[in-house]
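Those protein sequence lines, which keep their order, are chains A and B.
All residue numbers for the first sequence refer to the numbering used here, where the first residue is 13 and numbers rise by one.
All residue numbers for the second sequence refer to the numbering used here, where the first residue is 118 and numbers rise by one.
The set of hints was computed from the structure by calculation and includes no laboratory data.
In this text, a Cβ means the ideal position worked out from N, Cα and C, and glycines have one as well.
Wrong hints could be hidden among the right ones.
[Unchecked claim] Chain B regions said to be covered by chain A (calculated; three or more residues, Cβ under 8 Å):
#1 272 to 284
#2 326 to 334
#3 394 to 407
#4 510 to 519
Letter by letter, the chains look like this.
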Amino acid sequence: MTTRRTLLAAAGAATAAVTIGGVAAQAAPIAAAIPVAGDPIAHLLRRATFGPTPATLAEAAKLGVSGWLDMQLSPEKIGDGQCDAVVARLPLAGASIATVRAKLPVHSYEAFKQLGRAGVARAAWSNRQLFESVAAFWANHLHVAAPSSGGWDSRADYDAQVIRKHTFGKFADMLKASLKHPAMLTYLDNRSSTKAHPNENYARELMELHTVGLVYSEADVQAAARLLTGHTVGKNGGYVYDASKHVAGAVTVLGRTFADETAFADFLARHPATAQRIATKLCVRFVADDAPASLVAKLAKVYLDNDTAIKPVLRALFTSPEFAASQGKKTRTPFEDLIATIRTLGLGPEKSGTKALDAIYNALVDIGNAPYRWGPPNGYPDVAPAWASPSVFLLKCNWHLNLAAGWYPAGLARPADLRKALVPTLPATYGALIDALATRLTGTKLPATHTAAVLSVAGKLPTSPLTSSDKSLAGNFPYLVALVLDSPTFQLR
Amino acid sequence: MKLPGCAEHVTLSRRSLLGAAALSGLAGAGVSTQLAWADPGYRGDTLVVLSLHGGFDGLSAIAPIGDTDYYKARPTIAVPKSQVIAGDGTFGLHPALAPLLPLWKGGKLAAVHAVGQANPTRSHFAAMDAMENAAPGTSIRSGWLDRMLGVTGATGPLAGVSLGAAMPNRLFAGPAPAVSMAAIDKFKLAGDSAKRPMAEALRQMYADAPPLLAGPAAAAGKALAVTASIPPANGANYPDTDLGAALRDVARLIKAKAGLVTAAVDCGDWDMHDALGTAVKGQRMYDNLADLALALAAFATDLGPAAMSSVTLLTISEFGRRVAENASHGADHGHGNAMLLLGGGVRGGKVYTEWPGLSPGALVAGDLAVTTDYRSVIGEVLQKRCGLGSLSDVFPGVKPSSFGLAAARG
Numbered sequence: 013m014t015t016r017r018t019l020l021a022a023a024g025a026a027t028a029a030v031t032i033g034g035v036a037a038q039a040a041p042i043a044a045a046i047p048v049a050g051d052p053i054a055h056l057l058r059r060a061t062f063g064p065t066p067a068t069l070a071e072a073a074k075l076g077v078s079g080w081l082d083m084q085l086s087p088e089k090i091g092d093g094q095c096d097a098v099v100a101r102l103p104l105a106g107a108s109i110a111t112v113r114a115k116l117p118v119h120s121y122e123a124f125k126q127l128g129r130a131g132v133a134r135a136a137w138s139n140r141q142l143f144e145s146v147a148a149f150w151a152n153h154l155h156v157a158a159p160s161s162g163g164w165d166s167r168a169d170y171d172a173q174v175i176r177k178h179t180f181g182k183f184a185d186m187l188k189a190s191l192k193h194p195a196m197l198t199y200l201d202n203r204s205s206t207k208a209h210p211n212e213n214y215a216r217e218l219m220e221l222h223t224v225g226l227v228y229s230e231a232d233v234q235a236a237a238r239l240l241t242g243h244t245v246g247k248n249g250g251y252v253y254d255a256s257k258h259v260a261g262a263v264t265v266l267g268r269t270f271a272d273e274t275a276f277a278d279f280l281a282r283h284p285a286t287a288q289r290i291a292t293k294l295c296v297r298f299v300a301d302d303a304p305a306s307l308v309a310k311l312a313k314v315y316l317d318n319d320t321a322i323k324p325v326l327r328a329l330f331t332s333p334e335f336a337a338s339q340g341k342k343t344r345t346p347f348e349d350l351i352a353t354i355r356t357l358g359l360g361p362e363k364s365g366t367k368a369l370d371a372i373y374n375a376l377v378d379i380g381n382a383p384y385r386w387g388p389p390n391g392y393p394d395v396a397p398a399w400a401s402p403s404v405f406l407l408k409c410n411w412h413l414n415l416a417a418g419w420y421p422a423g424l425a426r427p428a429d430l431r432k433a434l435v436p437t438l439p440a441t442y443g444a445l446i447d448a449l450a451t452r453l454t455g456t457k458l459p460a461t462h463t464a465a466v467l468s469v470a471g472k473l474p475t476s477p478l479t480s481s482d483k484s485l486a487g488n489f490p491y492l493v494a495l496v497l498d499s500p501t502f503q504l505r
Numbered sequence: 118m119k120l121p122g123c124a125e126h127v128t129l130s131r132r133s134l135l136g137a138a139a140l141s142g143l144a145g146a147g148v149s150t151q152l153a154w155a156d157p158g159y160r161g162d163t164l165v166v167l168s169l170h171g172g173f174d175g176l177s178a179i180a181p182i183g184d185t186d187y188y189k190a191r192p193t194i195a196v197p198k199s200q201v202i203a204g205d206g207t208f209g210l211h212p213a214l215a216p217l218l219p220l221w222k223g224g225k226l227a228a229v230h231a232v233g234q235a236n237p238t239r240s241h242f243a244a245m246d247a248m249e250n251a252a253p254g255t256s257i258r259s260g261w262l263d264r265m266l267g268v269t270g271a272t273g274p275l276a277g278v279s280l281g282a283a284m285p286n287r288l289f290a291g292p293a294p295a296v297s298m299a300a301i302d303k304f305k306l307a308g309d310s311a312k313r314p315m316a317e318a319l320r321q322m323y324a325d326a327p328p329l330l331a332g333p334a335a336a337a338g339k340a341l342a343v344t345a346s347i348p349p350a351n352g353a354n355y356p357d358t359d360l361g362a363a364l365r366d367v368a369r370l371i372k373a374k375a376g377l378v379t380a381a382v383d384c385g386d387w388d389m390h391d392a393l394g395t396a397v398k399g400q401r402m403y404d405n406l407a408d409l410a411l412a413l414a415a416f417a418t419d420l421g422p423a424a425m426s427s428v429t430l431l432t433i434s435e436f437g438r439r440v441a442e443n444a445s446h447g448a449d450h451g452h453g454n455a456m457l458l459l460g461g462g463v464r465g466g467k468v469y470t471e472w473p474g475l476s477p478g479a480l481v482a483g484d485l486a487v488t489t490d491y492r493s494v495i496g497e498v499l500q501k502r503c504g505l506g507s508l509s510d511v512f513p514g515v516k517p518s519s520f521g522l523a524a525a526r527g
């Protein structure tokens, strides 16, 4: 039932054929002219993590695809000390409603702020990369904007108790948890929906965005809204069911009659249209903007056969021939670009405090892609055309140079000598230097014309000799790094 | 749905990632010192499209005070007759629109009521897609502003601009080049200098890239050469809101004669399922309308009558809101809506409509009926103010409205 159009609408993407800058984008293969590292391990890490590093590439090469998935699907067994230490500086990022209320004045945005910074830190520095990738997927699917008015005390708890708790669990459980969470009930107005005047906002998005898609009728929305009346938020900020505001009795939605909201949510989570939509969104996230129909069908079946459990679906996705054949079919979102830059340059968290994290978060605000910050309930768009703009391009180029040069943000841990860290042994020519640099940063050499373009800012040719006494290299090096990161090759995920 | 508001948008530190060191040296090769992009082929008004995402409540903004069913359906949130600030006994302006009163009385601001889309969807996302595509039932997938640009033939680097966000605006989806920018002053390339020509290196690297990647890079390069020369704003008194900042930049582009044919600006947070409220300060609709009115009034003042004689601004929204209020002093998703038009060529000071009434029998599933396709209103503007002939390439199958809501451009 789910059409491509529905999915795109739900994903907030530009309608099918978004075209930017004089070009029809939809049909154009993104990677037609761009080299991409053919290694299946590098492909897996570009998709299933927020960016490969030499250490993760070596580890995954040792484990193989299946072994790496086994390890990553058991995140509790993966040590994560460095990331934990940063997140510990953000104690409200996953705090309970009671804790936030005890620590903060009413309507403070501090918990939102800490949650957003935690989203950056975990993507950049967690060793549980698949877990974080999938948690981000679910947060975007059952999206509750942070910040958004009303959720000041509950949004952090929602992240911990709805999204992260069920990230590798069953979607049905996550959906039911979201349905009774104050953050969702507030964000989509169900908390003020009453018997006399039901509020339709949540009922509509629960079907359109969270589960079956645009298969409902307006009568279904009104019926579902009645079914959900009375599920609200109490004086202490917690979930309560207020029978006096509830429309009693069974309600018929989508052709089925339900006694209560739990039966309705269980039905929605296991509906074939939901399976199809979630499979499609997972493919758009991890495989290709244009989800392969064969894989969508396969994953939808795995999802239903496993009673909405997510792990078997992920395993099927990452070991499928469609995934293997999808190299070059995704581009990095701005968030992914920034985090992959941090990871490939080997930049670590600041020694103490969160000033650098604040700066990174604010750069993501400027480009429109800060964690959890998308305003509407459909979540960030996840296809290349939605981010293909001149401004986005320039902002990415600007942070590549700032991070490579160490200008801004200050305070991130850096290799003592970035050049030596990225290219330990100086080759004999500038061309060979860019080959080594690009291989280290992107997994592959750049095309010869791109290498020449990179070198033009240093006034060098690929054949220009390079010696250890070359005094211009140190000054030019950050610009060379930035241009390699600006290249079409690095835009591919 | 919740969208970032025009006014209450959180003011985080917007410190750019650009370090001070990176900001120097923007005068690299290829940066012209004067603007020479005015498209000689285009002689129409600059069309400014303001998208009021979330579902604007036209029944509050332009209240049908002569319709007794309005007061029956909205016992707590209807705008009382005694509070409207202008109108004709049938319709009245919401009091929060007071900053626009001089423009209304001066005949530069008009409203059109009971407008909307033929498609009855109440889904934000389906309705926004349809509103921006504006060609339902066809295989066309571009945005209607892209098609309008195509018809004008304008090709300058700043012919089509969206302001307020870095992301592409879907109204411009399509083959005509368009530039999105959060703000003119944030549209910069770090590190570019005569010594290290970064922009030229990027141009070379993207010359053979796939279109989806090459397009934005090329458009950025061309626009950079122009934006560096846009003079700063002149200190006009805009409100300190995202909308105020975006309209200030639109005015800068217009005054710089930078070849701007059409600009798009988003102003969200109209999805008032709750606390739409009564017509007093502190209530959501009142405050949002007040912010909107202040920004629009500042825009008109900044440009002045001479420049405004070649500008038409209009508002669109994916749908109106339910006629009956809900339990939260709000209104759920509805259908028919009101549009605002502002410009030197607008025949303002009145509400244009074929009013269907709000009696229960006149409603469509509880909502205001649509008697005028929003595209026909825009079509009238495109023909009279923007020099377009046939509308078929922009709005296939749509005839312009014949309200006479704008004077034909001389």
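Hints versus structure:
no., hint, verdict
1, 272 to 284, "holds (count 3)"
2, 326 to 334, "holds (count 9)"
3, 394 to 407, "violated (count 0)"
4, 510 to 519, "violated (count 0)"
When held up to the earlier numbered hints, the structure conflicts with 3 and 4 and fits the remainder.
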